[in-house]
Structure formats: C-alpha cells, structure tokens
Amino acid sequence: WGLDVVIAASQKSFLLPPGLAFITVSERAWKAHAEATCPRFNWDLTQAKDFGAKSQTPWTPPISLFFGLQEAFRILRAEGIEAMHQRHEALMKGTRAGVRALGLELLVENEAHASRAVTAVKVPAGMKPGDIRSPMNKSFGIDLAGGQADLKDSIFRIGHLGYQDATDILGCFGALELVLTKAGLKVELGSSVRAVQQAFLEAGVI
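Residue numbering for the sequence shown follows my numbering, starting at 31 and increasing by one per position.
The set of hints was computed from the structure by calculation and includes no laboratory data. Be careful, since some hints might not be right.
[What the hints assert, rightly or not] SDA-like cross-link-like pairs, simulated, lysine to any residue; straight-line CA separation at most 25 Å:
{"hint": "1", "residue 1": "Lys-182", "residue 2": "Gly-156"}
{"hint": "2", "residue 1": "Lys-79", "residue 2": "His-63"}
{"hint": "3", "residue 1": "Lys-168", "residue 2": "Ala-213"}
Given these sequences and hints, build the entire structure.
So, in structure tokens, the structure goes:
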C-alpha cells in the first residue's frame, strides 16, 4: 500500500469490543519516530516495541480481549476472508432493502459509497432517534446506534459488522416494523422482512 503506519482496532471486523489496537510500523516510520520530539502522554511506540521483543506489554493488557481475539481468529479462519467480505456485502444489501421497503430514507443513497459496516437511516419527520431506539431496546433487546455531531438528532444506525448474520438483520426489521407501527407510521407488516429476504436470496446467503 505504500503506507508507513497502519492501525486497526478490535471493534473493526474482529468480532470484539473496543480495547485493542494493532499497529504496523515501517523502517522509515521508526526512523522518524526516533527523531521526533513530540511528548508522549499515553502511548510510546518504543516502549511497545521493546516490551514486545520480550513477549511482554508495557502496561496491564485487557487479557479477556486477547482470549476473545484468539477465538475471533479461529472463527475468521473457518469462515474465510472472502466469505466474510461476501457476508458483510449481503448484510448491507439486505439492510438497505429493508429500509427502503419501510419508506425510510437512507443517509447514503448511492450504494457504491455505502458502508459495509453500518447503515445510517434518517428519522421520519416528527420523530426523534430516541423514539425508535428506546423501544427497540426495551421491547426487543436490539441496540440501534444514534447519530453523532450534527447528525445526532436526525439519524439512527443499524450495524452489520462483525459477529452478525442474516438472522440478526431479519429480526431487527421484524421488530422495527412493530415499533414504527406503534409510533403511528403506516407500515405494511412483513414488507421490510420480505425485502430483506429477497435481497439475501439474490446475494446467495442461502
């Protein structure tokens, strides 16, 4: 890629909560680091490198996440990288189809620009994100993310990253139909679930 420093995190496709970071550093970056005069408050690559050479960490690590990472790698190896990419692609397509079937507006209309990790949905007029998120959680145990910054009052987000499969998305839309209906929106029950099912069939989920 021609990159000197690449950073990933445990919550990004590794089926884990936040808490671990993965960093690769090129020789050129190590030289720049050695000459850098910036103060280090929380993280020093030199310390990490020195301790890593001894199979140690500079500070107490989140041990439970290391065990989780070991299991995540086992799952990913069993599924295969290409199959994992295809699963995320299918979940994204199913989610977007379900949103459209409900008559809701996607934040990103162009699928070529859409995330394979999460789908942002505009809240219907006259509603707030909490009007949807709260009953989804309280009645069905489904957590929908809210928006951030300027979008915090105008969208909610459906995640389909990591340890998710077709059943999660189908269940989400079945619940979402009920929540929107109870909130007074005109929803044809089963419409979004059918749209998700059709998208999954076309994507070859089964």
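Cross-check of the supplied hints:
no.: 1; hint: Lys-182 / Gly-156; in the structure: holds (15 Å)
no.: 2; hint: Lys-79 / His-63; in the structure: holds (12 Å)
no.: 3; hint: Lys-168 / Ala-213; in the structure: holds (14 Å)
The structure is consistent with each of the numbered hints, conforming to all of them.
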